[in-house]
Amino acid sequence: MNALPDPFAGAPDEALLVAYANGDGQAARYLTARLLPRILAQATRMLGNQTEAEDVAQDAMMRLWKIAPDWRQGEAQVSTWVYRVVSNLCTDRLRKRRGGVTLDQVAEPLDATPSVTAQIQTQARMTALSDALAQLPERQAQAVSLRHLEGLANPQIAQIMDISVRSVESLIARGKRALTELMAGRKAELGYDDDEPE
Amino acid sequence: MTMTNPNENMLDDLFAQARATAPAPSDDLMARVLADADAMLPCQPAAVAPQMGLWARLLDMIGGWPSVSGLAAATVAGVWVGVAPPSTVEDLTATMIGDEVSISLFSADLMLGAGALNDG
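Order-wise, the sequence lines are chains A and B. If you're matching positions, the first sequence starts at 1 in this note's numbering and goes up one per residue. If you're matching positions, the second sequence starts at 1 in this note's numbering and goes up one per residue.
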């Protein structure tokens with residue numbers, strides 16, 4: 001697909017979605033190429049689990065195809081809608097995870113080379129962060145992840161969450177404070193004691 | 001006043017590591033998503049009008065039942081004018097045609113013919 005010139009180059013996501021709604025299958029391919037990497041990244045960062053993130057990404061795209069014929073042009077940006085849907089799908093998953101078994105069971109490698117060990121430690125840290133997010137109230141988890149995992153600005157987060165910027169600031173502050181407390185007890189386990197002695 | 005909290009530093013480091021995580025979609029995931037898109041591709045609406053019967057088409061041609069009621073009223077009015085024409089219509093007919101012409105449905109010839117048959 002990349003070898004061919006993009007017939008939708010420069011067109012906004014919304015134009016592709018409308019083209020798809022009008023029966024243009026090619027538009028779906030180009031829209032998927034644009035959106036799927038970002039959707040998968042958002043889901044992976046929030047969930048810390050590749051398989052779950054892929055399921056969420058597929059589900060989010062499915063919802064996009066479904067809403068295409070009813071998409072009201074000019075009312076919302078596709079990217080804003082996608083952030084909201086992925087965020088909601090992820091918090092749904094985190095809620096189910098809450099109270100369940102945490103995902104600490106990272107398999108020990110047979111040959112623990114330094115790079116593999118580092119990779120495992122990174123995975124353990126991401127899983128721990130995701131598990132801690134699961135302990136937060138959902139709106140806090142969403143606000144914190146959009147701010148600190150996606151790097152979005154507060155006004156954009158306000159739009160995605162459909163709340164005021166002041167509320168976003170409050171959610172982020174409370175969420176981050178709670179996360180700090182939740183993670184404090186896992187410093188040694190996650191390999192932070194040596195790096196940053198108190 | 002800003003104090004450096006080691007726990008906050010750890011959290012910031014975790015956030016940074018998470019932001020650096022950007023897995024590329026696998027071919028399998030891409031295929032699944034595109035299969036969904038194909039399956040849900042909105043079709044062009046098939047414009048197949050239901051076949052109408054003769055009466056329905058005639059009715060449709062003249063404008064439906066409201067037109068039929070209008071036609072019926074006009075027909076009744078026409079018959080009534082024929083049976084008992086108002087004086088203005090009679091005057092107008094005389095002016096246009098010149099003479100009144102009456103045609104008996106039961107002509108004398110016909111009556112005679114019928115009588116001849118009876119006699120014979």
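A couple of the hints might just be wrong.
Said to hold, decoys possible - Examples of chain B residues toward chain A, derived with CB under 7 Å:
(1) Leu14
(2) Phe15
(3) Ala16
(4) Ala22
(5) Asp27
(6) Asp36
(7) Met40
(8) Leu41
(9) Arg57
(10) Val76
Said to hold, decoys possible - Over the 10 Å line for every Cβ pair with chain A, so calculated as not near, a few chain B residues:
(11) Asn5
(12) Pro25
(13) Leu34
(14) Ala37
(15) Asp38
(16) Gly64
(17) Trp65
(18) Gly70
(19) Thr75
(20) Gly78
(21) Val79
(22) Trp80
(23) Thr95
No lab work stands behind these hints, which were simulated from the structure alone. On a predicted model such as this, the values are computed, not experimentally measured, just so you know. Where a beta carbon is used, it is the ideal one built from N, C-alpha and C, also for glycine.
Which constraints among the numbered hints does this structure fail? Numbers only, ascending. Result: hints 3, 5, 9, 10, 11, 12, 13, 14, 15 break, sorted rising.
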